[in-house]
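Letter by letter, the chains look like this.
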Amino acid sequence: MERKVIELDQGWDYMQKGITKLKRILEGSVEQFNSEEYMMLYTTIYNMCTQKPPHDYSQQLYDKYKDSFEEYISSTVLPAIREKHDEFMLRELVKRWGNHKLMVRWLSRFFHYLDRYFIARRSLPALNEVGLTCFRSLFFRQNFDTFCILIQIDKEREGEQIDKALLKNVLDIFVEIGMGQMDCYEQDFEAPMLEDTGVYYSHKASSWILDDSCPAYMLKSEECLKKERDRVAHYLHSSSEAKLVEKVQHELLVNFSTQLLEKENSGCRALLRDDKVDDLSRMYRLYHKIPKGLDPVATIFKQHITAEGMLLVQQAEDAASNQVILSFEFLFFDSQVLIRKVIELHDKYLAYVSDCFQNHTLFHKAMKEAFEIFCNKTVGGSPSAELLATFCDNILKKGGSEKLSDEAIEDILEKVVKLLAYISDKDLFAEFYRKKLARRLLFERSANEEHEKSILTKLKQQCGGQFTSKMEGMVTDLTLAKDNQNEFENYLSNNPNAHPGIDLSVNVLTTGFWPSYKSSDLNLPSEMVRGVQVFKEFYDTKSKHRKLTWIYSLGSCQLIGNFEAKKIEMVVSTYQAAILLLFNTSDRLSYSEIMTQSNLGHEDLVRLLHSLSCAKYKILIKEPISKTVSPNDIFEFNPKFTDRMRRIKIPLPVVDERKKVVEDVDKDRRYAIDAAIVRIMKSRKVLGHQQLVSECVEQLSRMFKPDIKAIKKRMEDLIARDYLERDKENANLFRYLA
Amino acid sequence: MEGRIPINKFGRGHRDKVQQFMAITGASEKAAVQALKASDWHLEGAFDVFYSQPQSKTHTDSRHLEELYNRYKDPYLDMIMADGIARLCNDLQVDPQDIVMLVVSWHMKAATMCEFSKQEFVGGLQSLGIDSLEKFQERIPFMRSELKDEQKFREIYTFSFGWAKEKGQKSLALDTAIGMWQLLFAEKHWPLVDHWCQFLQARHNKAISRDTWSQLLEFTRTVDSGLANYDAEGAWPYLIDEFVDYLNENGVGADGFSRTIGA
Chain A
1 MERKVIELDQ GWDYMQKGIT KLKRILEGSV EQFNSEEYMM LYTTIYNMCT
51 QKPPHDYSQQ LYDKYKDSFE EYISSTVLPA IREKHDEFML RELVKRWGNH
101 KLMVRWLSRF FHYLDRYFIA RRSLPALNEV GLTCFRSLFF RQNFDTFCIL
151 IQIDKEREGE QIDKALLKNV LDIFVEIGMG QMDCYEQDFE APMLEDTGVY
201 YSHKASSWIL DDSCPAYMLK SEECLKKERD RVAHYLHSSS EAKLVEKVQH
251 ELLVNFSTQL LEKENSGCRA LLRDDKVDDL SRMYRLYHKI PKGLDPVATI
301 FKQHITAEGM LLVQQAEDAA SNQVILSFEF LFFDSQVLIR KVIELHDKYL
351 AYVSDCFQNH TLFHKAMKEA FEIFCNKTVG GSPSAELLAT FCDNILKKGG
401 SEKLSDEAIE DILEKVVKLL AYISDKDLFA EFYRKKLARR LLFERSANEE
451 HEKSILTKLK QQCGGQFTSK MEGMVTDLTL AKDNQNEFEN YLSNNPNAHP
501 GIDLSVNVLT TGFWPSYKSS DLNLPSEMVR GVQVFKEFYD TKSKHRKLTW
551 IYSLGSCQLI GNFEAKKIEM VVSTYQAAIL LLFNTSDRLS YSEIMTQSNL
601 GHEDLVRLLH SLSCAKYKIL IKEPISKTVS PNDIFEFNPK FTDRMRRIKI
651 PLPVVDERKK VVEDVDKDRR YAIDAAIVRI MKSRKVLGHQ QLVSECVEQL
701 SRMFKPDIKA IKKRMEDLIA RDYLERDKEN ANLFRYLA
Chain B
1 MEGRIPINKF GRGHRDKVQQ FMAITGASEK AAVQALKASD WHLEGAFDVF
51 YSQPQSKTHT DSRHLEELYN RYKDPYLDMI MADGIARLCN DLQVDPQDIV
101 MLVVSWHMKA ATMCEFSKQE FVGGLQSLGI DSLEKFQERI PFMRSELKDE
151 QKFREIYTFS FGWAKEKGQK SLALDTAIGM WQLLFAEKHW PLVDHWCQFL
201 QARHNKAISR DTWSQLLEFT RTVDSGLANY DAEGAWPYLI DEFVDYLNEN
251 GVGADGFSRT IGA
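Chains as they are written, first to last, in full-length UniProt numbering: chain A, 1 to 738; chain B, 1 to 263.
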């Protein structure tokens, strides 16, 4: 049977009734659609779409579908919303949106047939989309004021209670209406919200920054950020979090960064000065996420540490120059105090870096740079490398730090080695250390072999094997020396004729490991001559091809003085012994006689005679009696000398070796620079001046900071020795000559 | 390929002289400019230079050269020594200290000052087209003019180091170096030469290396007397850096020119 054609008006009338009923339901009526009604409405649409042209009304029906929404929204929905305000308007909006979704659902079911074929064929938006878009274009585009939402938000910021659930519902509309895209939310809500947020916090910040101290301001900022995050969790869309946080940070922390950090009396500097650890931690937390936010904080940190360090250096310098009697011991005391204080400073700020600043590299770097500045200053004429070496010597020698536990000593040694990293003249430190180590080893002044080995291990870890190889050699030498001495004693007991008549022990040292000492032309006392000879004979049996050079200046001797009151054993240096033994043959000798007989130089002689006649123990009597030794003096053995002890040690003050050490190191540096230049040029063949200099500096930086002038001089020397030449065309370019 | 030197590069006065020169000698514009430049734009001097140039490789008589050599040779050695050179200068009516003798030595590729080997003497004169005293005298103005040529001056300057130093030494003794510099920079004016010599005597007191010698010429050519364009980070020898410091200490430098310097 032929279906009866439904005319458009006719069919639409019918549909209109259904739509009207739907509106009533939305407005609150308790009516419902039963399945028969639903079927009829659906079928009407179906028929009107499947009729033969000119009665296929798909396009028209599609248009009328859309019109239905537009009409309803404009006439009913919009006014309903508009007549309300604030919260009430928002509530109405939520309700109307709910209604709208229902309407879309129902109508799209009625008109569903259009969705199946028509929209695809014509590439038109689906019914659902059409419905939602209507709402959007009519409602939102007619300048819906996000304003009232923002008012709510600002109210909440000021501490008032608001209906968070309502806001969430409203914002959900923005999201839903995007139909998968966030553009509606972002453009119509988020952008104005961010701007409003910016204005709000800009205001707050301007007044806080004037009235509040830095810690107070930071506290408020932290609070604000927390609240904003909570806001996102409660009703904003999660995608807003990052942008919102950034906005707030920008207004509170970035814009006023300088004023905040530099605040007089409460800014970063003051916090460091007053050890306000919590506030500094907060500062770190706040600025951590901001790009380059931590840079100014790190700079202030560095400046602060540098100032503290320089203060310590200055105090030590002042103390040193205020000494009226600038004896070596005074200077030594203050420098020990200085090093200890620097270690404390280091510990303190290392804790800051790990606790407040979460071990951030920026702060490690700031601290390193700060220490590098003041750890390279000279104090009281001593370079810092020397001070550090003296400090180590003090800990490691007998009588130095026996009160401390092993752990405490290990700890200090660990810290000292860390300080070494900041000193640029590491080679100078090595040389001073080596000299003092030599004295400790040779005069048996080392407190504990384990500690000696331990610090060498630490130095090796930090500076490499080459740094410690000589020192390790020295320690080994002494161990071997003990074995050697045992063999010597065996030799003597097996050859009683060879015995020299005195107890002799000899340390044989390997030349390369030990610092250089000048061997002297001391006229050895006869008692000792035989001893040296015997040892030489013994040594020759062990190894034929080695040459022994005797360094008497390093020897020590035990003499028994036959004084009137009692015999006293004296521990003296070999030189001192040589002089005293002269008095076995004559009671009285002049300065020049002593000089001739001992064959020592003026410098040595004055020092030695002083220690024996003008110091604590007057073994010799000097004529005339005075505090200093002069070439016209006469010396006489003092038989009346006595002391309550049976055994005394007569010290010989150490000659200041600083000048020699510095000279030796300078010489080594020249060789090191030469070697570096040649090494670089050999591999690069051709290199520009600037680059050569900077590579040279880099290669040598592990041991010292080479002077640019020194590098230039060495380069010119190498040119003269035909290792390098300048390029003919470009005087700034150098070429390696094989 | 040599091109014309654009005449409009020169001032009016110079242009006139070039045209005059060309008219009188029939020389090309290039030759005219060269000769005039060499004589500091004095017309008469330019003629001298022009005519004393070896126009082409003139043939020298080797017998005459032999005679010339023997006239001045040392009685005991097969070389012309200081004595012979003095006599030669006398015959040429040239002061032995005259810088032209340096130029002569350069032509001869002489190894050391105050002596010429036979090969050096004969070879040098041959290349100059000289086989008699008269010809020698004629060539002297030309040889003087060679010092004005930038490139030749540089070669002569470089040559002087090896020539002036002691045989077997690597460096040049300070006194000799100072003497040479004063001689050379009298010809090619360098305003700082006196300061340089004073500085060396006050602060250096050691021999001069070849590198320093050659770099000094670069210094005179590239760095202006106000030291404005001196690059302290550059590859200048250490001694020159010190010299600049010395000048700055003594008030020569950026603000202009020298005030009196104490030794």
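Hints are not guaranteed to be accurate.
Within a straight-line C-alpha distance of at most 20 angstroms, the following computed SDA-like cross-link-like pairs (lysine to any residue) qualify [unchecked claim]:
#1 Lys152(B) x Gly129(B)
#2 Lys709(A) x Glu242(B)
#3 Lys728(A) x Gly129(B)
#4 Lys709(A) x Lys206(B)
#5 Lys713(A) x Glu218(B)
#6 Lys167(B) x Gly531(A)
#7 Lys542(A) x Glu527(A)
It should be emphasised that the hints constitute simulated quantities derived from the structure, not laboratory data.
Structure-based check of all given hints:
no.	hint	verdict
1	Lys152(B) x Gly129(B)	18 angstroms, holds
2	Lys709(A) x Glu242(B)	10 angstroms, holds
3	Lys728(A) x Gly129(B)	31 angstroms, violated
4	Lys709(A) x Lys206(B)	18 angstroms, holds
5	Lys713(A) x Glu218(B)	19 angstroms, holds
6	Lys167(B) x Gly531(A)	55 angstroms, violated
7	Lys542(A) x Glu527(A)	25 angstroms, violated
Against the hints set out earlier in the document, violations occur for numbers 3, 6, 7.
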